[in-house]
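Enquirer: Which chain is which? The protein sequence lines are A and B, in order. Position 601 of the first sequence, counted from 1, bears residue number 601 in our numbering, the numbering being contiguous throughout. Position 108 of the second sequence, counted from 1, bears residue number 108 in our numbering, the numbering being contiguous throughout.
One should not assume that every hint holds.
[Unchecked claim] Taking lysine-lysine pairs in the DSS-like style, the calculated list, with each CA pair at most 30 Å apart, reads: (1) B/K121 to B/K29; (2) A/K180 to B/K17; (3) A/K372 to B/K17.
Hints in this document: simulated from the structure, not taken from any laboratory.
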Amino acid sequence: MRCDSAALSAYLDGEVSEDVRQAVEAHLEQCAECRAELERFRRIDAMLGVESEQPGLHLELMRRADAEDAPVHESAGPSWWGYAAVVAAMVSIAGLAALMYSRSGREVATPAASEVAAAETPALPAETPADQEEEAPVEVAEAEMEAVQPAVGIELTPPEPVFDASTLPLELAGVLMGEKPVAIITYTATGRQRTVGVGAFVLPDIRVAAVAKGKVTLRRGDAEVVLTVGRKSASQGSRDLDGTWLARVFLDGSSNAALEDVVQITTSAPGSLTIQGQIDNSASPITLATATLKGDYLVLNAGEGLLAECDVSGSVTHDGTRIRLEGDIRMVSPEDSPVQHAVVECKKITEGKEPDLVKQKECEEEVRVLCKALQRYADDHDGQFPGTLRDLLPNYLSAEEIGGDSANRTIRYFGGASPSNVPDVQRIWDETDSTLPYPDRLMAWENRIEALWGGDFPPGGPLIEVEYKDPAITVVGSASGSVRTTSAEGAATSAAAMRAIMDSSSNNLKQLGLVVRMFANEHNDYTPPGWACTYPEYITDPEILRHPADASAGIDYELFFPATHDGFVHEITGQPDDATGRAAAWSTVPLAAERTPHRYGASGELARIVLFWDGHVEVVRMSEWETRIAPYIEYR
Amino acid sequence: MERAEDDLHAQVCQGDKNAFEVFCLGIEKPLFGYVRQAVKDSDDAKELVQEVLLRVYRMARSGELTQRRGSPRALAFSIAHNLAVDHLRHHANVTRFDHGDHVTPHVSAVERALLREQLDKALADLPENHRSAIALRAFGQLSYAEIAEALGATPASVKTWILRARRRLAELLDRDGQYLGEGHHEMR
Chain A
1 MRCDSAALSA YLDGEVSEDV RQAVEAHLEQ CAECRAELER FRRIDAMLGV
51 ESEQPGLHLE LMRRADAEDA PVHESAGPSW WGYAAVVAAM VSIAGLAALM
101 YSRSGREVAT PAASEVAAAE TPALPAETPA DQEEEAPVEV AEAEMEAVQP
151 AVGIELTPPE PVFDASTLPL ELAGVLMGEK PVAIITYTAT GRQRTVGVGA
201 FVLPDIRVAA VAKGKVTLRR GDAEVVLTVG RKSASQGSRD LDGTWLARVF
251 LDGSSNAALE DVVQITTSAP GSLTIQGQID NSASPITLAT ATLKGDYLVL
301 NAGEGLLAEC DVSGSVTHDG TRIRLEGDIR MVSPEDSPVQ HAVVECKKIT
351 EGKEPDLVKQ KECEEEVRVL CKALQRYADD HDGQFPGTLR DLLPNYLSAE
401 EIGGDSANRT IRYFGGASPS NVPDVQRIWD ETDSTLPYPD RLMAWENRIE
451 ALWGGDFPPG GPLIEVEYKD PAITVVGSAS GSVRTTSAEG AATSAAAMRA
501 IMDSSSNNLK QLGLVVRMFA NEHNDYTPPG WACTYPEYIT DPEILRHPAD
551 ASAGIDYELF FPATHDGFVH EITGQPDDAT GRAAAWSTVP LAAERTPHRY
601 GASGELARIV LFWDGHVEVV RMSEWETRIA PYIEYR
Chain B
1 MERAEDDLHA QVCQGDKNAF EVFCLGIEKP LFGYVRQAVK DSDDAKELVQ
51 EVLLRVYRMA RSGELTQRRG SPRALAFSIA HNLAVDHLRH HANVTRFDHG
101 DHVTPHVSAV ERALLREQLD KALADLPENH RSAIALRAFG QLSYAEIAEA
151 LGATPASVKT WILRARRRLA ELLDRDGQYL GEGHHEMR
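Construct the complete structure from the given sequences, taking the supplied hints into account.
Expert: Shown next as structure tokens:
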């Protein structure tokens with residue numbers, strides 16, 4: 001073979017046949033010039049790959065992916081109510097996870113420790129004695145070197161025999177969630193937390209090989225490392241803080257400021273405090289996954305399903321039964337969010353005092369399990385739900401799954417068909433008259449789709465309704481799998497129940513705001529002509545079109561400006577067409593609202609929840625309606 | 001490792017969100033590198049990479065990915081290429097170089113930034129096809145067949161373009177009298 005740059009280049013990319021490969025390697029041994037050329041090529045490639053910058057995009061990206069999925073997620077568990085059970089399970093290991101990270105580094109650092117760890121795990125195949133664990137990968141590496149090194153003539157560093165888990169940018173913990181072993185991963189760079197099962201990837205080349213309580217086995221290629229979660233000793237931290245608390249977050253300048261949730265508090269070391277919980281509220285969505293006190297600083301890290309991330313710094317005081325965190329809070333996204341003053345108050349929940357919240361979550365979980373079983377049944381039966389709930393047994397639901405106290409509940413089952421025959425909205429769009437002006441074409445599109453639904457839009461509706469005696473609540477599960485709870489003691493009289501309804505409705509409107517934004521982004525900045533054309537691409541769960549307190553089957557949210565261009569908004573208000581003018585207009589012009597007023601506040605005055613163009617929602621009292629909202633609607 | 005990647009891709013195709021996040025962790029840096037060299041602006045590149053990954057995500061969620069040949073990785077780079085080309089068309093008269101804005105007091109970072117600058121210049125002087133081909137190879141580790149599909153060319157052309165790009169880059173960097181830095185080389 002003669003010198004052939006083309007062959008060298010292709011050889012470098014592994015794009016040559018076996019024959020050519022051998023020829024190139026034989027030639028390289030003899031030809032210093034080609035070795036030099038290959039080395040130059042290699043360096044060019046290496047330099048191209050040199051990327052000094054960490055883009056760090058995936059967190060923002062996942063936030064956007066979450067936003068796209070938001071309706072789906074909400075249906076799996078309406079905001080924080082649904083997460084609480086999971087959170088509670090995760091919580092108990094919160095402090096441990098942090099401990100484990102430092103421990104794990106030590107364990108893999110010495111061969112003896114990793115042997116012990118490997119021997120401890122039942123997940124390793126019996127025929128793999130612990131002492132072979134490290135040798136096997138080394139053999140592979142040496143074999144590769146012998147085959148490659150003489151031919152290419154460059155130095156190779158042998159790969160690490162067993163990968164070093166202490167360098168991984170994550171913290172891990174294994175827990176049992178019910179019967180199911182799961183690994184909880186916290187990425188140290190972003191604080192983002194994920195819950196995964198066996199077989200899931202942790203990093204692109206590392207996956208979870210096995211999970212047992214307190215232990216996670218990671219696998220990269222043939223190498224496995226077992227990480228063991230350590231138990232904290234009694235001397236660490238002040239144990240009197242550990243336990244279940246009710247947390248309330250107060251944001252200054254927010255109309256209904258208090259957000260609350262049951263959270264778990266663990267103290268892993270003196271002066272360090274971890275609060276785990278998920279706090280979400282329609283008025284000011286905050287997902288509070290962990291709050292860590294470091295010296296005088298309190299760091300809140302947001303978790304999954306979040307609409308906002310926040311950093312908090314400030315002071316923390318506690319007396320054993322109450323914790324007060326105070327500081328400035330700023331949403332990380334969007335970047336220009338204002339700094340807000342926030343106070344987080346945690347009150348310890350003692351036995352028998354406020355158990356209803358915990359019980360309520362158990363009830364909701366029960367209904368969710370039922371809904372999921374019904375959905376599985378419908379999936380197997382052409383979208384038809386069973387005639388009676390008994391049909392679910394035993395293939396779709398086991399007796400244990402729906403255990404609990406049957407005397408405590410009354411189940412009403414509605415049955416029917418799951419949403420099917422959804423019009424192909426994209427095809428209908430393609431069929432519309434493309435010569436029409438854009439808004440008219442959008443409206444024609446919506447009208448066609450509505451006609452196809454024939455009044456059955458939105459699909460779905462309540463599937464089961466379970467009335468509990470203790471606590472006195474009614475949990476309604478819908479065909480789409482979402483679950484909502486109302487207090488059974490007369491919805492109109494209970495302030496707490498009204499607040500839950502208000503939160504739920506505000507959430508619906510917020511999600512509709514997202515739907516409008518996403519739609520406009522993809523349709524020349526026009527708002528949707530109605531809701532029907534946004535399903536199922538943007539509205540994935542039609543339940544968000546129903547008001548939680550209204551039994552009507554129709555759409556409970558009115559879109560004030562259908563098929564309207566974004567650029568129209570500042571015109572209505574007469575604001576200048578610049579950034580400040582637009583911002584002012586967008587925050588005052590209503591975009592959508594509840595169709596019917598409700599008595600939300602303590603005053604009992606009728607009010608409607610309104611979504612504004614910029615995506616925020618407000619409860620607008622009917623006494624203000626004429627001045628604040630009506631003029632804009634008339635303008636249309 | 002390769003099998004792990006195949007498995008990951010399979011999980012991504014099925015619309016598994018966790019797998020997608022892991023996929024993003026692995027691909028965002030090379031993808032960013034590729035797009036950045038194409039559009040020459042870090043902020044625009046970030047936007048584009050997000051758009052690329054969101055599109056992949058949407059395709060995964062809609063089940064479209066399972067019907068496609070090729071890996072999500074190749075698809076991501078293919079989409080990235082198309083978006084970058086569109087982007088450049090829209091910003092045809094704007095030429096920006098933003099290297100150096102990430103220079104830190106560390107010497108190594110300064111050196112890296114300088115290296116980056118030389119390389120960006122050298123890349124910019126390449127014909128578009130050559131530049132795209134070598135960049136897809138270097139950042140995306142795509143096979144010739146995958147690059148060919150992304151660029152709408154034949155694998156044979158890709159092979160030639162990559163060779164010419166490598167030769168030209170080596171020349172350009174040599175001509176500028178710059179030592180071809182001790183870039184970390186590794187077996188691929």
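Enquirer: For every hint, state whether the structure bears it out.
Expert: How the hints compare with the structure:
Our distance criterion of 30 Å between C-alpha atoms is met by B/K121 and B/K29, whose separation comes to about 21 Å. For the suggested pair A/K180 and B/K17, the alpha carbons sit about 19 Å apart, so the restraint of at most 30 Å is met. Distance check on the hinted pair: A/K372 and B/K17 sit about 19 Å apart at the alpha-carbon level, within 30 Å; holds.
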